[in-house]
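J.: My request is simple: use the sequences and hints to build the entire structure.
Residue numbers (the numbering used here), protein chains in the order written: chain A, 1 to 265; chain B, 1 to 332; chain C, 1 to 263.
A few of these clues could be false.
[Said to hold, decoys possible] DSSO-like mimics (lysine-lysine), calculated; alpha carbons at most 30 Å apart, straight line:
{"hint": "1", "chain 1": "C", "residue 1": "Lys-193", "chain 2": "B", "residue 2": "Lys-231"}
{"hint": "2", "chain 1": "B", "residue 1": "Lys-231", "chain 2": "B", "residue 2": "Lys-35"}
{"hint": "3", "chain 1": "B", "residue 1": "Lys-123", "chain 2": "C", "residue 2": "Lys-94"}
{"hint": "4", "chain 1": "B", "residue 1": "Lys-269", "chain 2": "B", "residue 2": "Lys-231"}
{"hint": "5", "chain 1": "C", "residue 1": "Lys-174", "chain 2": "A", "residue 2": "Lys-172"}
{"hint": "6", "chain 1": "C", "residue 1": "Lys-193", "chain 2": "B", "residue 2": "Lys-120"}
{"hint": "7", "chain 1": "C", "residue 1": "Lys-94", "chain 2": "B", "residue 2": "Lys-176"}
{"hint": "8", "chain 1": "B", "residue 1": "Lys-139", "chain 2": "B", "residue 2": "Lys-123"}
{"hint": "9", "chain 1": "C", "residue 1": "Lys-94", "chain 2": "A", "residue 2": "Lys-17"}
{"hint": "10", "chain 1": "A", "residue 1": "Lys-172", "chain 2": "B", "residue 2": "Lys-120"}
{"hint": "11", "chain 1": "A", "residue 1": "Lys-98", "chain 2": "A", "residue 2": "Lys-172"}
{"hint": "12", "chain 1": "B", "residue 1": "Lys-231", "chain 2": "C", "residue 2": "Lys-94"}
{"hint": "13", "chain 1": "B", "residue 1": "Lys-176", "chain 2": "B", "residue 2": "Lys-120"}
{"hint": "14", "chain 1": "C", "residue 1": "Lys-174", "chain 2": "B", "residue 2": "Lys-35"}
{"hint": "15", "chain 1": "A", "residue 1": "Lys-17", "chain 2": "C", "residue 2": "Lys-174"}
{"hint": "16", "chain 1": "B", "residue 1": "Lys-123", "chain 2": "B", "residue 2": "Lys-176"}
{"hint": "17", "chain 1": "A", "residue 1": "Lys-17", "chain 2": "A", "residue 2": "Lys-98"}
{"hint": "18", "chain 1": "B", "residue 1": "Lys-244", "chain 2": "B", "residue 2": "Lys-231"}
{"hint": "19", "chain 1": "B", "residue 1": "Lys-251", "chain 2": "B", "residue 2": "Lys-269"}
{"hint": "20", "chain 1": "B", "residue 1": "Lys-139", "chain 2": "B", "residue 2": "Lys-120"}
{"hint": "21", "chain 1": "C", "residue 1": "Lys-94", "chain 2": "C", "residue 2": "Lys-174"}
{"hint": "22", "chain 1": "A", "residue 1": "Lys-17", "chain 2": "C", "residue 2": "Lys-193"}
{"hint": "23", "chain 1": "B", "residue 1": "Lys-35", "chain 2": "A", "residue 2": "Lys-17"}
{"hint": "24", "chain 1": "B", "residue 1": "Lys-35", "chain 2": "C", "residue 2": "Lys-94"}
[What the hints assert, rightly or not] To give an idea of the interface, some chain C residues facing chain B are shown, with a C-beta separation under 7 Å as derived from the structure:
{"hint": "25", "residue": "Arg-4"}
{"hint": "26", "residue": "Ala-6"}
{"hint": "27", "residue": "Ser-7"}
{"hint": "28", "residue": "Ala-13"}
{"hint": "29", "residue": "Ala-16"}
{"hint": "30", "residue": "Val-18"}
{"hint": "31", "residue": "Asp-98"}
{"hint": "32", "residue": "Tyr-99"}
{"hint": "33", "residue": "Ile-101"}
{"hint": "34", "residue": "Arg-103"}
Calculated directly from the structure, the hints in this document are not laboratory data. Don't be surprised by glycine CBs; every beta carbon is placed ideally from N, CA and C.
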Amino acid sequence: MTHALAVDRALVVIAFKRRLAYKSGWIFGLALGGGSMLISLTMWQNLLGDGSLNGYDWASMRAYTIIGFIAATMVFGAADYQIADRILDGHIAVDMTKPVDFQRARAAEYIGSMISTAPTAALGVLGAWLLFDPPGPVTPTAGLLTALSFVLLFPLAFGITYLSVLVCFWTKRYLGIMWLREALLSFFSGLMIPLAFMPGWLQAAAWALPFPHFTTTPSAIYLGRVDTAGALGLIAAEAAWVVGLWYAGRLVFRFAVRKVTVHGG
Amino acid sequence: MPILEARSLTKTFRRPDKASGFKGAVKHLMQRKFKNYTAVDGIDLSIDAGESVAYVGPNGAGKSTTVKLLTGILRPSEGTVRVMGRDPHTERIANAHDIGVLFGQRTQLWWDLPVEESLKLLKHMYGVSDADYQRRIAKFDELLDLNEFMPALARTLSLGQRMRADLACALIHDPKMVYLDEPTIGLDISVKDRLRAFLRELVNDGTTLLLTSHDLADIEEVCERIVVIDKGAIAYDGSIERLKAHYITTKAVNLYLEGTADVPALAEKFPDYEWTAGEAPSEVTVTYESGRFTTAEVLGSLTAQLSPRDLSLSEPSIEDVIRRLYAGELTK
Amino acid sequence: MPIRHASGVYWRALAAHVRSVIEYPADLWIMATAGAVWNVLQFAFLAVLFANVPHIEGWGFHEMLMLSGLLSIAGGANALCFDGAWNTGSMVIKGDIDYRITRPAPVILQVGSSHIGLQSFGELALGFAMLVYGWIGAGVGMAWIPVGALAIVCAALIQTALVTAFCAVNFWIKSPMSIFAFLLIQLQGGAMKLPLGVFPAAVRVVALFIVPVAFINVVPVAVFTGHMTAWWLVGVPLAAVAAVALAAGVYRLGLRAYDSAGH
Ligand SMILES: Nc1ncnc2c1ncn2[C@@H]1O[C@H](COP(=O)(O)OP(=O)(O)OP(=O)(O)O)[C@@H](O)[C@H]1O
Ligand SMILES: [Mg+2]
Numbered sequence: 001m002t003h004a005l006a007v008d009r010a011l012v013v014i015a016f017k018r019r020l021a022y023k024s025g026w027i028f029g030l031a032l033g034g035g036s037m038l039i040s041l042t043m044w045q046n047l048l049g050d051g052s053l054n055g056y057d058w059a060s061m062r063a064y065t066i067i068g069f070i071a072a073t074m075v076f077g078a079a080d081y082q083i084a085d086r087i088l089d090g091h092i093a094v095d096m097t098k099p100v101d102f103q104r105a106r107a108a109e110y111i112g113s114m115i116s117t118a119p120t121a122a123l124g125v126l127g128a129w130l131l132f133d134p135p136g137p138v139t140p141t142a143g144l145l146t147a148l149s150f151v152l153l154f155p156l157a158f159g160i161t162y163l164s165v166l167v168c169f170w171t172k173r174y175l176g177i178m179w180l181r182e183a184l185l186s187f188f189s190g191l192m193i194p195l196a197f198m199p200g201w202l203q204a205a206a207w208a209l210p211f212p213h214f215t216t217t218p219s220a221i222y223l224g225r226v227d228t229a230g231a232l233g234l235i236a237a238e239a240a241w242v243v244g245l246w247y248a249g250r251l252v253f254r255f256a257v258r259k260v261t262v263h264g265g
Numbered sequence: 001m002p003i004l005e006a007r008s009l010t011k012t013f014r015r016p017d018k019a020s021g022f023k024g025a026v027k028h029l030m031q032r033k034f035k036n037y038t039a040v041d042g043i044d045l046s047i048d049a050g051e052s053v054a055y056v057g058p059n060g061a062g063k064s065t066t067v068k069l070l071t072g073i074l075r076p077s078e079g080t081v082r083v084m085g086r087d088p089h090t091e092r093i094a095n096a097h098d099i100g101v102l103f104g105q106r107t108q109l110w111w112d113l114p115v116e117e118s119l120k121l122l123k124h125m126y127g128v129s130d131a132d133y134q135r136r137i138a139k140f141d142e143l144l145d146l147n148e149f150m151p152a153l154a155r156t157l158s159l160g161q162r163m164r165a166d167l168a169c170a171l172i173h174d175p176k177m178v179y180l181d182e183p184t185i186g187l188d189i190s191v192k193d194r195l196r197a198f199l200r201e202l203v204n205d206g207t208t209l210l211l212t213s214h215d216l217a218d219i220e221e222v223c224e225r226i227v228v229i230d231k232g233a234i235a236y237d238g239s240i241e242r243l244k245a246h247y248i249t250t251k252a253v254n255l256y257l258e259g260t261a262d263v264p265a266l267a268e269k270f271p272d273y274e275w276t277a278g279e280a281p282s283e284v285t286v287t288y289e290s291g292r293f294t295t296a297e298v299l300g301s302l303t304a305q306l307s308p309r310d311l312s313l314s315e316p317s318i319e320d321v322i323r324r325l326y327a328g329e330l331t332k
Numbered sequence: 001m002p003i004r005h006a007s008g009v010y011w012r013a014l015a016a017h018v019r020s021v022i023e024y025p026a027d028l029w030i031m032a033t034a035g036a037v038w039n040v041l042q043f044a045f046l047a048v049l050f051a052n053v054p055h056i057e058g059w060g061f062h063e064m065l066m067l068s069g070l071l072s073i074a075g076g077a078n079a080l081c082f083d084g085a086w087n088t089g090s091m092v093i094k095g096d097i098d099y100r101i102t103r104p105a106p107v108i109l110q111v112g113s114s115h116i117g118l119q120s121f122g123e124l125a126l127g128f129a130m131l132v133y134g135w136i137g138a139g140v141g142m143a144w145i146p147v148g149a150l151a152i153v154c155a156a157l158i159q160t161a162l163v164t165a166f167c168a169v170n171f172w173i174k175s176p177m178s179i180f181a182f183l184l185i186q187l188q189g190g191a192m193k194l195p196l197g198v199f200p201a202a203v204r205v206v207a208l209f210i211v212p213v214a215f216i217n218v219v220p221v222a223v224f225t226g227h228m229t230a231w232w233l234v235g236v237p238l239a240a241v242a243a244v245a246l247a248a249g250v251y252r253l254g255l256r257a258y259d260s261a262g263h
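T.: As structure tokens, this is what we get:
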């Protein structure tokens, strides 16, 4: 293992442990995510009954909602605040003197904190499974590809979060930026309502953004709304966003860092 | 009649008794165990109107906790407090009009507002008339140079500026009883001097003052009475003069000899004095009881027999007394 | 007199914050935009949903818009007028309640007015827009307007009081995050945008009689649109009084348990 990788691993582990020790966080995440999932399921059950809408029946909607829950738990439970705070309170000046790449180190920490949401996600899924008995993936391949699309969510969530957090170089507070990002993500991911319900132009707008991969991509693969080739295409698009956002982050950071002297100290 | 009276005042905090780390946290969650910690332990204190009282003690002695009990911030676990006949916790609002409080560690300024806005908000809260407000601000400005940072946001102030602004906040309603918990912490010498002069003036005007500080110069310059507290209990309560007269019973001379000082040999030669080695090998400190010998006598015998290169007298300070009080060497 | 003094203190603090916000507008814009975007997307959600289904439990698009609108107004009013309550937890931990206890004004008002949630401007604007649009679209008569105004005031009061009471739990569970209040508004935000009828009886009982969030938006809108009898309106001011009493009571108990911080 190279030195840089060892540093990454250490940062992941530290962030993971730090979040895990914060036990009320788990219970909270479970209550929040679980509660939202139940509300959503109640609504869809009422709307769908025995019929179906836009190709979703009650069975597939159960799987859809649970997938949305996992994605939401992963991305809303991560420690985005820490990066923002470092920029806002000028700590970033200290970070820049350290012999590690800033973006890479923050990515390691962020992903560590995302991993720490695993107990919440696992418990929530277990509970939902027992209560609602959702259908399995259409094929074993689809199941595997769904898992792959979830794995890619780690760097993708970081990419989006990091880019939005960098806006803090120009503001005094982070809260508004966070809300804006979360609002866009909730809507355009299909978390609030599946993209298939939207008019064509809105769907096109959503697919022009990285957000659909947070619910629509994994659920479409899982439920067999796309075939294997389509699934691979979606995953390729997701991977492209990961790479693109990573370099966009680098670019914006280089530009923003000129502001450090203003904030710092 | 005393303006402030506390009887067997006691405060016990409940502290979670848990092992560190994740395991400890889980265990604590299961069987919530707590340990009681008594921070203030049966204090009796009575302060007359117009007195200026220094409240000192080592770190963690319970000074700030006492102040919080006296101001009604905390509820006593046992005992009673009366400030102008009122219980500061249950009659909070009535009491608030008569007291001024400053915690040097913390600010009461509204963080994201200009200093002036904070003062104006307090003016209205305390119902201070415009004329009184103008007069007091003018006076604070004269003594503390307030106007220099009145329009600045509180979060942009330096420590010294913040403390001066906070002092103005604590006194804007001309309280009769003022509690200052470490008002000089972190200040430079000149700001400290101005603050002390300001406090002396306050006391001269008849305000009753309770002051805690680790800087004994604050206390000597501002206060007449000193209350020493240790481990939550009062170790000394009396005038500073009496404290000095009672406990400062020795004086000392520092000698700078030619060559190295042989401390044991010197101690044998002059058994009436106490000898201790100084900072450099040629330095030595001679301590003697001020009741038994005069300084002239001591100097005479020493210079005659040792012919030192130089010497200096060290004035014993209240600091030594307090240090010995803290160390438990002295009793009431 | 004490009440006049207390409210004077409260409004002055709020006004001072508004002034300072206007002087530094960058964050105001971002926050107000965030508040507005949330509501625009809420609107979009309903529009998309009702392009696919005719109604939920007999409730149509415009009626559901009124639900969302009134809820946003309540949340916006809370953020505008009493956002400081969210800081209760961190103030308790840091000992920042200390000074407020030594001042001659109610602590709860001093804490509540210590901050302004800038998103409220966006929330209020869009919330009113949704309510009015829904009101007209649903064909609710003009005669209901005075009752609507009262419902808005009560909604703001209930929302603020419940959030404050839940934030005050942090007097006992020492944590900087107001987890309970956050949970309250998140789950409320999800559930109270739907008609009560979709939920099982237990949920309805909780929302009506235990944590009376239903009286904020669901009950008044249901009455205006004929889904509930007008008698339910009596519950709206009652819930407001109960919620305010609850908040004041919890805060008072919290101050008795307050331990300050160790310095
Ligand atoms: N809120 C609290 N909860 C638990 N323990 C506390 C609390 N406040 C104070 N203590 C404990 O009570 C003791 C006395 O604290 P206090 O702050 O009164 O000391 P102090 O004399 O002011 O010390 P210093 O000179 O360091 O300011 C300390 O051991 C402290 O840890
Ligand atoms: Mg102290």
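J.: Evaluate each hint against the coordinates.
T.: Here is what the structure says about each hint:
| no. | hint | in the structure |
| --- | --- | --- |
| 1 | C:Lys-193 with B:Lys-231 | violated, 57 Å |
| 2 | B:Lys-231 with B:Lys-35 | holds, 17 Å |
| 3 | B:Lys-123 with C:Lys-94 | holds, 25 Å |
| 4 | B:Lys-269 with B:Lys-231 | violated, 42 Å |
| 5 | C:Lys-174 with A:Lys-172 | holds, 27 Å |
| 6 | C:Lys-193 with B:Lys-120 | violated, 43 Å |
| 7 | C:Lys-94 with B:Lys-176 | holds, 28 Å |
| 8 | B:Lys-139 with B:Lys-123 | holds, 15 Å |
| 9 | C:Lys-94 with A:Lys-17 | holds, 25 Å |
| 10 | A:Lys-172 with B:Lys-120 | holds, 26 Å |
| 11 | A:Lys-98 with A:Lys-172 | holds, 25 Å |
| 12 | B:Lys-231 with C:Lys-94 | holds, 23 Å |
| 13 | B:Lys-176 with B:Lys-120 | holds, 20 Å |
| 14 | C:Lys-174 with B:Lys-35 | holds, 17 Å |
| 15 | A:Lys-17 with C:Lys-174 | holds, 21 Å |
| 16 | B:Lys-123 with B:Lys-176 | holds, 16 Å |
| 17 | A:Lys-17 with A:Lys-98 | holds, 22 Å |
| 18 | B:Lys-244 with B:Lys-231 | holds, 23 Å |
| 19 | B:Lys-251 with B:Lys-269 | holds, 19 Å |
| 20 | B:Lys-139 with B:Lys-120 | holds, 16 Å |
| 21 | C:Lys-94 with C:Lys-174 | holds, 10 Å |
| 22 | A:Lys-17 with C:Lys-193 | violated, 37 Å |
| 23 | B:Lys-35 with A:Lys-17 | holds, 28 Å |
| 24 | B:Lys-35 with C:Lys-94 | holds, 21 Å |
| 25 | Arg-4 | violated, 11 Å |
| 26 | Ala-6 | violated, 9 Å |
| 27 | Ser-7 | violated, 11 Å |
| 28 | Ala-13 | holds, 6 Å |
| 29 | Ala-16 | holds, 5 Å |
| 30 | Val-18 | violated, 11 Å |
| 31 | Asp-98 | holds, 5 Å |
| 32 | Tyr-99 | holds, 4 Å |
| 33 | Ile-101 | holds, 5 Å |
| 34 | Arg-103 | holds, 6 Å |
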